[in-house]
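This is what each chain is made of:
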Amino acid sequence: MKPLTRWVVLASVIVMAGALVFPLWKITLDAPQYPEGLEMQISSTGVSGNVEQINDLNHYIGMKKITNDEFPEFSMLPYFISGLMLLGLAVYYLNSRSMLYIWIAVIIILGTVGMIDFYQWEYLYGHQLDPTAAIKVPGMAYQPPMIGYKQLLNFLAGAFPGIGGYCIIIPGMSLLAVGMYEFFSHHKFHFPVRVKRHHHALAH
Amino acid sequence: MKRFHFPTMTLVGVVTGIGIALWLSGCKPRQAKEAIEGNAAQKVYVAPGNYDKLYMFASGGFNGQVSVYGLPSGRLFKIIPVFSQSPEDAYGYSEETKPMLMTSHGFVPWGDAHHAELSQTDGQLDGRWLFINENNTPRVARIGLKTFKTEEIIEIPNSAGDHASPFTTPNSEYVVAATRFSIPLGANKDVPINTYKQNFKGTISFIKVDKNTGRMSIAFQLLVPGVDYDLSHAGKGPSDGWMFFSCYNTEEAHTLLEVNASQKDKDFILALNWKKLEQYVASGKAKEAAANYAHNVYNDETHTATSEILHSVKMMDLKDLPDAAYFIPCPKSPHGVDVDPTGAYFCAGGKLAAVIPVYSFKKLQQAIASKQFEGNFEDIPVLKYEAVLAGEVQKPGLGPLHTEFDDKGNAYTTMFISSEIVKWKVSTQQVLDRIPVYYSPGHLMIPGGDTRKPYGQYVIALNKITKDRYLPTGPELCQSAQLIDITGDKMKMLLDFPTVGEPHYAQAIPASLVTANQVRFYKLTDNKNPYVTRTEKEAKVVRTGKAVHVYMTAIRSHFVPDNIEGVEMGDTVFFHVTNVEQDWDVPHGFAVIGNKNAELLVMPGETSTLRWVPEATGVYPFYCTDFCSALHQEMQGYIRVSRPGEHVPIAYSTGQNDNATIAQNDHK
Chain R
1 MKPLTRWVVL ASVIVMAGAL VFPLWKITLD APQYPEGLEM QISSTGVSGN VEQINDLNHY
61 IGMKKITNDE FPEFSMLPYF ISGLMLLGLA VYYLNSRSML YIWIAVIIIL GTVGMIDFYQ
121 WEYLYGHQLD PTAAIKVPGM AYQPPMIGYK QLLNFLAGAF PGIGGYCIII PGMSLLAVGM
181 YEFFSHHKFH FPVRVKRHHH ALAH
Chain S
1 MKRFHFPTMT LVGVVTGIGI ALWLSGCKPR QAKEAIEGNA AQKVYVAPGN YDKLYMFASG
61 GFNGQVSVYG LPSGRLFKII PVFSQSPEDA YGYSEETKPM LMTSHGFVPW GDAHHAELSQ
121 TDGQLDGRWL FINENNTPRV ARIGLKTFKT EEIIEIPNSA GDHASPFTTP NSEYVVAATR
181 FSIPLGANKD VPINTYKQNF KGTISFIKVD KNTGRMSIAF QLLVPGVDYD LSHAGKGPSD
241 GWMFFSCYNT EEAHTLLEVN ASQKDKDFIL ALNWKKLEQY VASGKAKEAA ANYAHNVYND
301 ETHTATSEIL HSVKMMDLKD LPDAAYFIPC PKSPHGVDVD PTGAYFCAGG KLAAVIPVYS
361 FKKLQQAIAS KQFEGNFEDI PVLKYEAVLA GEVQKPGLGP LHTEFDDKGN AYTTMFISSE
421 IVKWKVSTQQ VLDRIPVYYS PGHLMIPGGD TRKPYGQYVI ALNKITKDRY LPTGPELCQS
481 AQLIDITGDK MKMLLDFPTV GEPHYAQAIP ASLVTANQVR FYKLTDNKNP YVTRTEKEAK
541 VVRTGKAVHV YMTAIRSHFV PDNIEGVEMG DTVFFHVTNV EQDWDVPHGF AVIGNKNAEL
601 LVMPGETSTL RWVPEATGVY PFYCTDFCSA LHQEMQGYIR VSRPGEHVPI AYSTGQNDNA
661 TIAQNDHK
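Going line by line, the protein sequences match chains R and S. Position one of the first sequence corresponds to residue 1 (our numbering), numbered consecutively onward. Position one of the second sequence corresponds to residue 1 (our numbering), numbered consecutively onward.
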């Protein structure tokens, strides 16, 4: 690995520690009656913020209560993140390019699994509604967005990565960048060549 | 071709990351924002010394009173005590007014005021009386608009939660009172709560209003199915003779109503033909039923209230009265039911409904004539929804509650959940405009908006939540009213102002209908209070056993008498204070140290009585509490309390400096 790559690896490990401390994701709710806004933070160890107020509001539409006990992920996430960091340290000390590729692959896979897991929870909470709920709007589900904004009745729901989320996303992207750099510089790969081969393959 | 360059790659990665972050925070959809136009201030500004155009009477909700505001300024003029004691003017504390708060439960010092309803003649405001209901201990009060005083309170027997009340018929023939909480009404009231469906019933009372005196009496009561009756409005024009009530909890739940009373997709509007009901009463269909309820009347000549307990009402079971009552299905948990100015249409705000149903009175009659029933509910025929429906307002907003009307064929509905007022056309049910209000409006009000002749200049939103709208005042924040101009196609926000208590509903009336009849002071010659003291010469102190009656006058700037002796421990002192002024705006107050009651605030020509039980010997000051004149601070006196058996004679005076008797007694 190039010295610069090693430094990026080390920096990424350090930044990733932030994912243990800061919220990975946050969900915001704005409504006319809530000019101050409501926000729920999802950290590696549990949810925090206006969770009680949100649960109180959700009972009108029959949404399940959001509590840490509902999510086994919160007992696993810190280990996954710590594991990622240890793996990064190993990459740094062993100075192995193939280890770097593996690490990047693990980060991408875990990130993707995490997002799928997040989506299925949102889907579940948004759709599994108590049939006896007071407010039942035909055809209405209350699945919050994964990222960006969505109007849910009088609430504008927003979802974004938290600082902790960026502590994974930014190192992940930087590592992807240096990984590609290492790969291309080692294999002397030329971008136009790849395109040409691609065409060649299509032609057959 | 150059190889991929490391710094470039890193840069791309970082820039992309920052880009995503910026995109996420920058793309928030725009929410409706409050827009105030430049000339809004001009439209609400009432210059010093000028009068407002309208009176607004707002219920005080949990303060039990009525607040009087001016519109368009939003200035608060007065809080009229109605269902709660008011220590500042001794309402419910003075001997004269204590009877106003008597009920079958005894003296009840607090009430939950809900809906202010002005009296009407020919379907228009007449400026005579204001009615208001009390939800908790069911009562209806009548306030006289000559004096702005509560003149009468009648308790509603066989009722719990008087909510659908006191809505008036077009000539104030009746005001109604329907139960929000159904209760066991059989001979045995001690029944398991879970026998709700068998044992619980509601009642609807028709309170007759005497067209000359305003005096209320319960004309008849209807035993009705045990659902929750929420609000009501009378038909007018073609629908005159009908009364509509919104009903929720047709599930007949008795627990966790927020869920259990929200299960059916449709509840009901109950349409009652009250002219038919009158015929049933006239034909002897009503049975005298045992009841127990207070009727309290304030007399303007004696300045004294009397309370009487009545023991019977005329009762009819609605299911025995064919052709008088029909249920109309109504989308989910209706709150308000409102009749348009023509009387041809009525609509309801189903708080959990996705549409606002607009019904046609003509179709109602046709549906009844052609028997378009879908079944019965508790032996009352249920009409087919579509048979009565004129149309639905589609996508009006979230949480429709209440509707009022302008004079141009438009309706205005509050949306509690989406916190807005939505304007729609009655004839086409098309949404025309919407305006955000801050926050979560309950009722709204257009001056005359529930009459045949709305004044159509403003709509006032009565908001339940104010949060960040005003300077914060700790955990408890005020509620608010917002004044909106409805003279143009677009509604325009003009003003918001804090309100007192929780104004569930308010009504407004052109000021000229009220100002012309104002009483400025009471004529002393007409004062028939048994304890009146018309002149200072008549002032006296009279012992009757253990009671000491002080017949006292107040005038700028002294009391007569202002030195009183001869009161003994164990006595009860009654200060009967007559304000002998005969001029406008000269009240006098009266307070005595340590009194566990209130002060008196006595209007010119009025007599008011404070009861005082001294607890220790000594000399106690009393004084005027209303800054009446330049020498107000001099308006004071003393009352001496002695040990029993000391034989201090009753003595009283004003302006006598030679106190020989007093000295004699002191040195005995």
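It is possible that part of the hints are untrue.
One side only, chain R facing chain S, incomplete, derived with CB under 7 Å [claimed, not checked]: (1) 33; (2) 82; (3) 134.
Just so you know, these hints were derived from the structure itself, not from any lab. Every value quoted in this text rests on a predicted model; they were computed, and no experiment measured them. For each residue, glycine too, the CB sits at the ideal point set by N, CA and C.
Verification of the hints:
no.: 1; hint: 33; result: holds, 4 Å
no.: 2; hint: 82; result: violated, 23 Å
no.: 3; hint: 134; result: holds, 4 Å
Taken one by one, the earlier hints fail for this structure only at number 2.
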